[in-house]
Structure formats: C-alpha cells, structure tokens
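Enquirer: In order, the protein sequence lines correspond to chains V and H. Per UniProt numbering, residue 1 is the first one in the first sequence, and the count goes up by one each step. Per UniProt numbering, residue 1 is the first one in the second sequence, and the count goes up by one each step.
The hints are simulated quantities; they were obtained by calculation from the structure and are not laboratory data. Note that this is a predicted model, so its numbers are computed, not measured. Check each hint, because a few of them may be wrong.
Any copy will do: because identical chains look the same in the list, a pair fits if it lies in one copy or spans two.
[Stated by the list, open to error] Keeping only pairs whose Cα atoms sit at most 16 angstroms apart, straight-line, the calculated EDC-like set for lysine to aspartate or glutamate is:
| # | residue 1 | residue 2 |
| --- | --- | --- |
| 1 | Lys127 | Glu111 |
| 2 | Lys10 | Glu42 |
| 3 | Lys29 | Asp82 |
| 4 | Lys168 | Glu66 |
| 5 | Lys127 | Glu66 |
| 6 | Lys119 | Glu18 |
| 7 | Lys52 | Glu101 |
| 8 | Lys137 | Asp82 |
| 9 | Lys10 | Glu40 |
| 10 | Lys167 | Asp82 |
| 11 | Lys119 | Glu20 |
| 12 | Lys65 | Asp163 |
| 13 | Lys119 | Glu40 |
| 14 | Lys137 | Glu66 |
Listed below, chain by chain, are the residues.
2 protein chains.
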Amino acid sequence: MHPLRQHIEKIISLSDTEFEHVLSHFEHKSLRKHQYLVQEGEYDKYDNWVIKGCLKAFYTNSDGKEHILQFAIEDWWVADYDAYFNTLQATINVDCMEPCEILQISLANREKLCTDLHKMEYFFRQKITNGYVALQKRILSLLSNNPQERYEEFIRLYPTLKDRIPKKYIAAYLGVSRETLSRLYSNNS
Amino acid sequence: MHPLRQHIEKIISLSDTEFEHVLSHFEHKSLRKHQYLVQEGEYDKYDNWVIKGCLKAFYTNSDGKEHILQFAIEDWWVADYDAYFNTLQATINVDCMEPCEILQISLANREKLCTDLHKMEYFFRQKITNGYVALQKRILSLLSNNPQERYEEFIRLYPTLKDRIPKKYIAAYLGVSRETLSRLYSNNS
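Hey, can you work out the whole structure from these sequences and the hints?
Expert: Structure follows, in structure tokens:
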C-alpha cells in the first residue's frame with residue numbers, strides 16, 4: 001500500500017479511486033541534506049508530508065540564535081503554517097537534516113480535497129486537532145518543567161529522535177542550553 | 001442575531017433551520033466568580049464557548065505553582081482539549097475570574113454536528129487551525145523572546161485583557177516572574 005494511503009487510513013477508509021483522487025493533488029519533491037524546503041521571507045505554498053528523511057523547522061532571532069519549532073520525520077507533516085494557511089511570507093525556515101522525499105500539497109488543493117470528500121475534511125480536522133493538543137502539552141512543558149523534565153518527556157514522546165538528531169538541535173527545541181543537554185545525555189546514556 | 005450564530009457566521013453561513021439544529025446541540029451553564037468549569041482528575045465532557053465572562057485554564061505543578069495555558073473571554077472556546085478529545089481525566093483546571101455564561105457541547109454532539117453538516121466540519125477545522133497557528137507562535141515566543149518582548153506581544157495580541165486580568169495571572173501565562181511583570185507594567189503604563 002502507498003505510504004500516504006497507510007497514513008490517511010489510520011483515520012479514515014478510502015477506496016482505490018478515492019485514494020488516486022487524493023494522491024493526484026500532491027506533488028513529489030526530493031531534497032539533498034542541508035537544502036531548504038521553506039525559506040524565511042518567501043511564500044510557503046505547500047504543506048509537506050515526509051515520505052523519507054528528517055527536517056527541522058526553526059526561527060532565527062536577531063542575535064542569530066536558532067530556535068526549533070518542530071522536527072519532522074517519516075509520516076509527519078511540516079510547513080510554516082501561519083504562512084501556508086494565511087498566504088503570508090514565511091517567518092521560519094525548514095531545512096533537511098538528511099536527504100528527503102516529500103509529498104507536497106498546495107492550500108488550494110488541500111481545500112479542494114476537503115470540499116470534494118467530506119471524509120478528507122474529517123481527516124485534516126483530526127490531524128490538526130491532534131497537533132493542537134500536542135502543542136498545548138509542549139507549552140505547559142515549557143512553562144512548568146525544568147530542563148531534565150523536558151528532556152525526559154522528549155525521549156518518552158520521541159524515542160527514535162534521540163540518536164537521529166544532533167544534540168544542539170534537541171537543546172534548541174527544548175529551550176535549554178547545549179551544556180545542560182550534554183549533562184542530561186551523559187546521565188541518561 | 002444570537003451571539004453563537006454571529007460567531008459561527010464569521011466563517012460559514014447558516015440558514016435559520018441549520019442554526020437552530022446547531023444550537024440544539026449545546027447546553028447553557030452559568031457559573032459564579034471563582035467556580036470551576038473543569039477540575040483536574042475529572043472527565044472533561046464539554047467544549048465551552050464563552051457568552052460572557054473571563055476564565056483561565058491552568059496547570060498546577062508539584063510545588064503548587066500555577067501555570068496558565070490559556071485565558072478565555074467572550075467569543076472564545078476553552079476546555080482541557082486532551083481530556084475532551086481523548087476521553088481522559090483532566091490534568092488542568094479551568095476556573096472563572098468573573099461570573100460566566102457558557103454554551104457547552106459534548107464531544108458526541110460536536111462530532112454529530114460535523115457529520116450532519118459538512119460546513120460545521122469545515123467551521124471546526126478552521127477554528128482549530130487558527131488555534132494551532134496561534135499556539136505555534138506562542139511556542140516560538142516562549143523559546144526566543146525575553147520577558148519584555150513576550151509582554152509587548154501579549155498587549156498587542158490581546159489589548160483588552162491587560163486591564164481585565166490580574167497581573168499575577170498574566171505573569172503565569174507569559175512564564176515570567178511577577179516582579180518582572182510589575183516592572184514592565186510600570187514602564188508601559
């Protein structure tokens with residue numbers, strides 16, 4: 001089964017014809033390691049579903065420090081969603097930490113799929129609802145957890161990311177210093 | 001026009017019959033100041049739309065410190081969404097900072113409305129999408145902004161909340177100390 005169909009059928013069922021219709025709204029893109037999928041200042045025309053690879057979405061503030069909004073690996077979605085949904089210039093960057101294979105969908109095609117197939121509207125509502133709940137948990141973690149608690153929660157939620165993503169980026173995701181994270185790694189290895 | 005209809009019709013159009021159908025899925029609730037709408041450890045059976053009043057959703061960690069996940073005033077929605085969508089016991093509390101009038105909808109009724117009316121599915125997808133984008137911005141603010149920048153962003157986004165909500169709760173929302181916030185208030189008054 002096509003990996004995108006597997007992904008969608010975790011939430012809804014599609015006939016072969018329906019899946020072909022859905023797939024026809026996506027475009028395939030390959031990127032090399034270090035290439036950018038989204039660049040600050042450009043319009044982010046696509047929501048991106050990862051077939052293969054590992055990416056990071058990050059914001060660079062005025063002193064040049066990188067803050068990680070999200071990671072994305074196989075089966076995850078990534079974009080500058082403010083820019084994508086509101087047709088604005090991107091304020092974040094998304095780049096590839098590994099070579100990546102992506103399926104991209106424009107906002108017009110996404111909305112068209114939701115209009116064509118009520119169950120695709122349901123699918124996207126469920127996905128964004130799960131994402132909303134995850135972001136609320138992350139906000140509470142940033143507000144109330146100390147660095148060790150944040151790190152332990154990250155390892156618990158995303159066990160496969162620990163050895164795939166350089167420590168400096170995990171530190172920038174958790175909002176802790178690299179030195180603190182190195183200490184936590186050595187205590188938990 | 002009913003305030004809920006005004007709220008929904010910012011995104012979709014409803015006939016009189018459709019709105020009556022939508023409204024019939026909600027229940028009305030009145031709460032006094034300081035009463036709880038959601039209590040930690042109980043099931044959160046309702047999503048809540050605020051007709052009148054002001055609430056805070058907060059998490060209390062093991063040392064008794066309150067961290068504010070969100071505020072809610074007229075026209076906003078509030079719940080423990082993890083508990084609501086996943087039928088779990090609430091891990092946060094929602095209480096009233098003013099007397100409140102609320103319209104509540106159970107998850108079963110919310111899903112039924114989405115099934116009955118494709119455009120209500122669209123409505124709820126748009127609402128949660130806007131919420132998702134706002135949470136991503138808040139995460140970046142928590143990661144990259146200093147207390148003054150967070151405070152200024154809060155005032156810009158929610159100008160009416162500054163004089164309605166006690167400073168200690170705004171501090172607990174921004175993740176800054178009360179002393180720091182008082183200093184910022186006196187500089188911006």
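Enquirer: Work down the list of hints and note, for each, if the structure agrees.
Expert: Status of each hint after checking the structure:
1. Lys127 with Glu111: both (15 angstroms within a copy, 15 angstroms between copies)
2. Lys10 with Glu42: neither (33 angstroms within a copy, 29 angstroms between copies)
3. Lys29 with Asp82: neither (22 angstroms within a copy, 34 angstroms between copies)
4. Lys168 with Glu66: Answer is within: at 10 angstroms inside a copy they meet the 16 angstroms cutoff, but 30 angstroms across does not.
5. Lys127 with Glu66: neither (27 angstroms within a copy, 30 angstroms between copies)
6. Lys119 with Glu18: Classified as within: same-chain Cα gap 10 angstroms, cross-chain 21 angstroms, threshold 16 angstroms.
7. Lys52 with Glu101: For Lys52 and Glu101, the Cα distance is within 16 angstroms only inside one copy (5 angstroms; across copies 49 angstroms).
8. Lys137 with Asp82: Answer is between: at 9 angstroms across copies they meet the 16 angstroms cutoff, but 20 angstroms inside does not.
9. Lys10 with Glu40: neither (33 angstroms within a copy, 30 angstroms between copies)
10. Lys167 with Asp82: Cα proximity of Lys167 and Asp82: none, with 27 angstroms in one copy and 29 angstroms across.
11. Lys119 with Glu20: For Lys119 and Glu20, only the intra-copy Cα distance (15 angstroms) is at most 16 angstroms; the inter-copy one is 24 angstroms.
12. Lys65 with Asp163: neither (23 angstroms within a copy, 34 angstroms between copies)
13. Lys119 with Glu40: Neither. Shortest intra-copy (33 angstroms) and inter-copy (33 angstroms) distances fail the 16 angstroms Cα cut-off.
14. Lys137 with Glu66: between (22 angstroms within a copy, 15 angstroms between copies)
Consistency with the previously given hints fails for numbers 2, 3, 5, 9, 10, 12 and 13, ordered from lowest to highest.
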